[in-house]
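J.: Chains as they are written, first to last, in my numbering: chain A, 1 to 480; chain B, 1001 to 1480.
A hint or two may mislead.
[Said to hold, decoys possible] List of simulated lysine to aspartate or glutamate pairs, EDC-like, C-alpha gap at most 20 Å: (1) K1412(B) / D1438(B); (2) K239(A) / D1268(B); (3) K443(A) / E1393(B); (4) K2(A) / E121(A); (5) K1395(B) / D438(A); (6) K1395(B) / D1044(B); (7) K1239(B) / D438(A); (8) K239(A) / D1265(B); (9) K395(A) / D1044(B); (10) K239(A) / E1393(B); (11) K1199(B) / E177(A); (12) K1161(B) / D285(A); (13) K395(A) / E359(A); (14) K199(A) / E264(A); (15) K1002(B) / E1097(B); (16) K422(A) / E359(A); (17) K1002(B) / E1158(B); (18) K1239(B) / D104(A); (19) K1239(B) / E177(A); (20) K1115(B) / D1044(B); (21) K443(A) / D1343(B).
Keep in mind that the hints were calculated from the coordinates and are not lab data.
Number of protein chains: 2
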Amino acid sequence: MKAAIIGGGVIGGGWAARFLLNGWDVAVFDPDPAAPRKINAVLDNARLSLPALSDVPLPAMGQLSYATTLTEAVTGADYIQESVSERLDLKHRVYAEIQHAAPDTPLGSSTSGYKPSQLQEGAINPAAIFVAHPFNPVYLLPLVEVVPSPASDMTLIETVKDTLRSLGMFPLHVRKEIDAHIADRFLEAVWREALWLVKDGIATTEEIDEAIRMGFGLRWGQMGLFETYRIAGGEAGMKHFLEQFGPCLTWPWTRLMDVPDFNEDLVDLIAGQSDAQSGHHSIRDLERIRDGNLVGFLRVLKDRDWGAGQVLNAHDALRRDTVKAPDADGPLVNLQVLPSWIDYNGHMTESRYLFAGSETSDALLRLIGADMDYVAGGHSYYTAETHILHLGEAKLGDHLTGSVQVLEADEKRLHVFITIAKDGTPVATLEQMLLHVDMAAGKTCPAAPDILARLLPIRDAHASLPRPASAGRHVGQRKT
Amino acid sequence: MKAAIIGGGVIGGGWAARFLLNGWDVAVFDPDPAAPRKINAVLDNARLSLPALSDVPLPAMGQLSYATTLTEAVTGADYIQESVSERLDLKHRVYAEIQHAAPDTPLGSSTSGYKPSQLQEGAINPAAIFVAHPFNPVYLLPLVEVVPSPASDMTLIETVKDTLRSLGMFPLHVRKEIDAHIADRFLEAVWREALWLVKDGIATTEEIDEAIRMGFGLRWGQMGLFETYRIAGGEAGMKHFLEQFGPCLTWPWTRLMDVPDFNEDLVDLIAGQSDAQSGHHSIRDLERIRDGNLVGFLRVLKDRDWGAGQVLNAHDALRRDTVKAPDADGPLVNLQVLPSWIDYNGHMTESRYLFAGSETSDALLRLIGADMDYVAGGHSYYTAETHILHLGEAKLGDHLTGSVQVLEADEKRLHVFITIAKDGTPVATLEQMLLHVDMAAGKTCPAAPDILARLLPIRDAHASLPRPASAGRHVGQRKT
């Protein structure tokens, strides 16, 4: 699949990274000679962070190329995303040239303000043009507002939404076109109010930022406005909350009716305060800090299958079937070392070696049918003991594989030897004894016949493998 | 220390929980007979989540009592927090009664709208009255807006800020009083715009919530408006961003100038959409989901020492000195089992046993001086191998201790036996061999003399302890 990215700034670069890391080829068109440098900077960030959200290996990265003309970029493309400056005349000129070469290809615009019907004016094929408005950093945040107009081809729009989901995004279908769509209307409201607070000397940029990120910002990363207020209403419910809050609306709190005079004094005031607040970090540092924080938040939500985390889990599920099912003779798991797995020595923290081992033995258990449904039925394998031998060091971003050798197995016992490898070289081995238990009784018991019917042939096949030298080793034993 | 909590709703309950869990005694006054039930519900949530943010043991919980009169509640209190309904006449009556009994005690109001000078009108001691506006859930979100008026006692205000910091909060000193302080002005702006979008049929409550939590909400949990836009400006900086964004301000995007008619139709529309969106979860479920998400976000920021995480680390540091320094003969660490540590069996996931063991061996290393400064100097102890024996199960919220017995030690080797216990009963033991390394050379080397001078006496003292039965055990060994 090929995507054409028209306009190679921060937003275009983020789109390019999303497509490339999901296996699409990408052709960028941007006459700015600095475009490749800018795109590569975004791509560097994306490669550090986006794969950390995925528990199913991403496909091999697509090919990135730079087209010298618009026509070259869009020819043969399956999807076109336009992220040029917010000038309607410019966008119209670009669309005319694009649709001269590729009239039927879905053509999404990253515009934050224009309505799709404005974008479609005078177009060769208005039906193929729509808004696909993403949020920075495009390679991490799932939201993309998809806005059709009455002239849009709704079959094409549904296909586009599927394409965006295949990139791990959350297409929010905006049913009625409106200036600035939905999210940016909130951002505009907050922005106006913030300008007044700074201009009137009520608060500095730093104080405003703290007022956001120490309080409601944390709430809004996981529930929106209404779900949050629903809770605040308590047992009495949403109606009670509304009836309490309603009257405040007529209070003259905000100065939203007026637009502050956006002159040089105000620009200098804000830029100076922002320098004082954040100037000790470079923009590159701030990007990396932001991305690390976002990856952390998104992993939390993924573990809890909530909000943006549900989008990530759905993205994994979508790709799980396309990845070759593991068998007990090859690597059972693939993991990438995440920022939160690093210790003060700069290496993967030791408990994550056991985590990698657990993921591997869990994969073996799923393979023999001792999966979540089996656990829900009241039986499981519990780890009784583990011996870990450290042989090398894993660092941030390393790709690790986990494979397993069944040393012994009977009705109740499963004795395995796990190798965690980086580029084929073991960094740790784990020897584990697992016991099959009746969870309610809290006692060992024989595994179900269909589990054993899958497990014992693996044991028999592995019986011919050489026994690992460190199997049966105790801590402090001299090497033999 | 004693806090008086006047008004026992969700906000008053959150304040009570903050104080109680930080070791203060709390007297609540609320004539509502349902107040104890409501406060206990908040306290139950807080006890599940707030301790999970702390890596230094919280003090023993204070005593909670219900006063039958305002005077009884505030007598002997070191701090008074008022969270009654948003009616100025009611607040004035309450303050008069409070200050008749306790005129000089700091008296904070949870008001989201009134200015401190309005609260102080006609008071016995206006100087002691100020705004301390928190955010729900009060026991988790750090932000509290502290707003004095020109009549305030600024020494008292500074003391109050220290008190709030000792509760793990982030007092944002609002320098100029203004209706709705700072954060709620943004919430009002967003709320108004959201009402229009719902009323005009542009978006449902669910679509609005997704537009927030899939995009800018995630950003705002870790950086505010200005720092986020600073990054968007890229290398060209904040001024460039402002100059680009500025002109959009005059576009007529939002409908903020008008207040929507807040009638029964709009209430029903919103309440109905909210039911469709979230009605399948009880309010209690939503609270627990929200708190689990927030604990996850806050732990991410804490690990990264950023934003709200810096507040949590500072709170730990503040208390670390008050907690008895561990010695090698008692438990070296105290841990509480967090939601993210639970596996699909409902138990603490196995890699967290090694995590608890690592925390314990790290504590021993700090005790002998092999701390972060030592690592920064290029030397460290690396774990070479570990044997883990599982003896019991740890579940969500369990308090675990980790203690260590030094089995052997010499210049390069440190052989330890760690016991992870719940209520004094071992749930796992870990035998570990640690090697002292020159990190640059990647080789073992003798530890520094001052490290050995602290380590070897511990080894000698532990030599008289009985050797644990499972020391030297290998995986699958029969019990002897």
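J.: Each hint: holds or not?
T.: Here is how each hint holds up against the structure:
1. Distance hint between K1412(B) and D1438(B) is fulfilled; the C-alpha atoms sit about 11 Å from each other, no more than 20 Å.
2. Annotation: proposed proximity of K239(A) to D1268(B) holds, straight-line Cα distance about 8 Å (limit 20 Å).
3. A hinted pair counts as satisfied when its Cα atoms are at most 20 Å apart, and K443(A) with E1393(B) qualifies at roughly 13 Å.
4. In summary, the hint linking K2(A) to E121(A) is not supported, as the alpha carbons are separated by about 26 Å, beyond the 20 Å threshold.
5. Between K1395(B) and D438(A) the CA atoms are separated by roughly 18 Å; this keeps the pair inside 20 Å, and the hint holds.
6. Straight-line distance between C-alpha atoms of K1395(B) and D1044(B) comes to about 17 Å, which keeps the hinted pair within the 20 Å bound.
7. Using a Cα cut-off of 20 Å, the hinted pair K1239(B) and D438(A) is violated, with the two alpha carbons roughly 65 Å apart.
8. Using a Cα cut-off of 20 Å, the hinted pair K239(A) and D1265(B) holds, with the two alpha carbons roughly 11 Å apart.
9. Proximity of K395(A) to D1044(B) is assessed by CA-CA distance (about 40 Å); at most 20 Å being required, the pair is judged violated.
10. Distance hint between K239(A) and E1393(B) is unfulfilled; the C-alpha atoms sit about 44 Å from each other, more than 20 Å.
11. Note on K1199(B) and E177(A): the hinted pairing holds, with a Cα-Cα distance of about 15 Å set against a maximum of 20 Å.
12. Distance hint between K1161(B) and D285(A) is unfulfilled; the C-alpha atoms sit about 31 Å from each other, more than 20 Å.
13. For a cut-off of 20 Å, the pair hint linking K395(A) to E359(A) stands: about 18 Å separates their Cα positions.
14. With a CA separation close to 12 Å, the supplied pair K199(A) and E264(A) stays within the 20 Å bound.
15. At most 20 Å may separate the alpha-carbon atoms for a hinted pair to count; K1002(B) and E1097(B) meet this at roughly 18 Å.
16. For the given pair, K422(A) sits about 16 Å from E359(A) by alpha-carbon distance, which is consistent with the 20 Å threshold.
17. For the hint linking K1002(B) to E1158(B), the alpha-carbon distance of about 18 Å falls within 20 Å, and the restraint holds.
18. Proposed proximity of K1239(B) and D104(A) is contradicted: the alpha carbons are some 40 Å apart, above 20 Å.
19. As the CA atoms of K1239(B) and E177(A) are separated by approximately 31 Å, the hinted pair breaks the 20 Å bound.
20. For the proposed pair K1115(B) and D1044(B), the alpha carbon gap of about 32 Å is over 20 Å, so the pair is violated.
21. Between K443(A) and D1343(B) the alpha-carbon distance is near 19 Å, which keeps this suggested pair within the 20 Å criterion.
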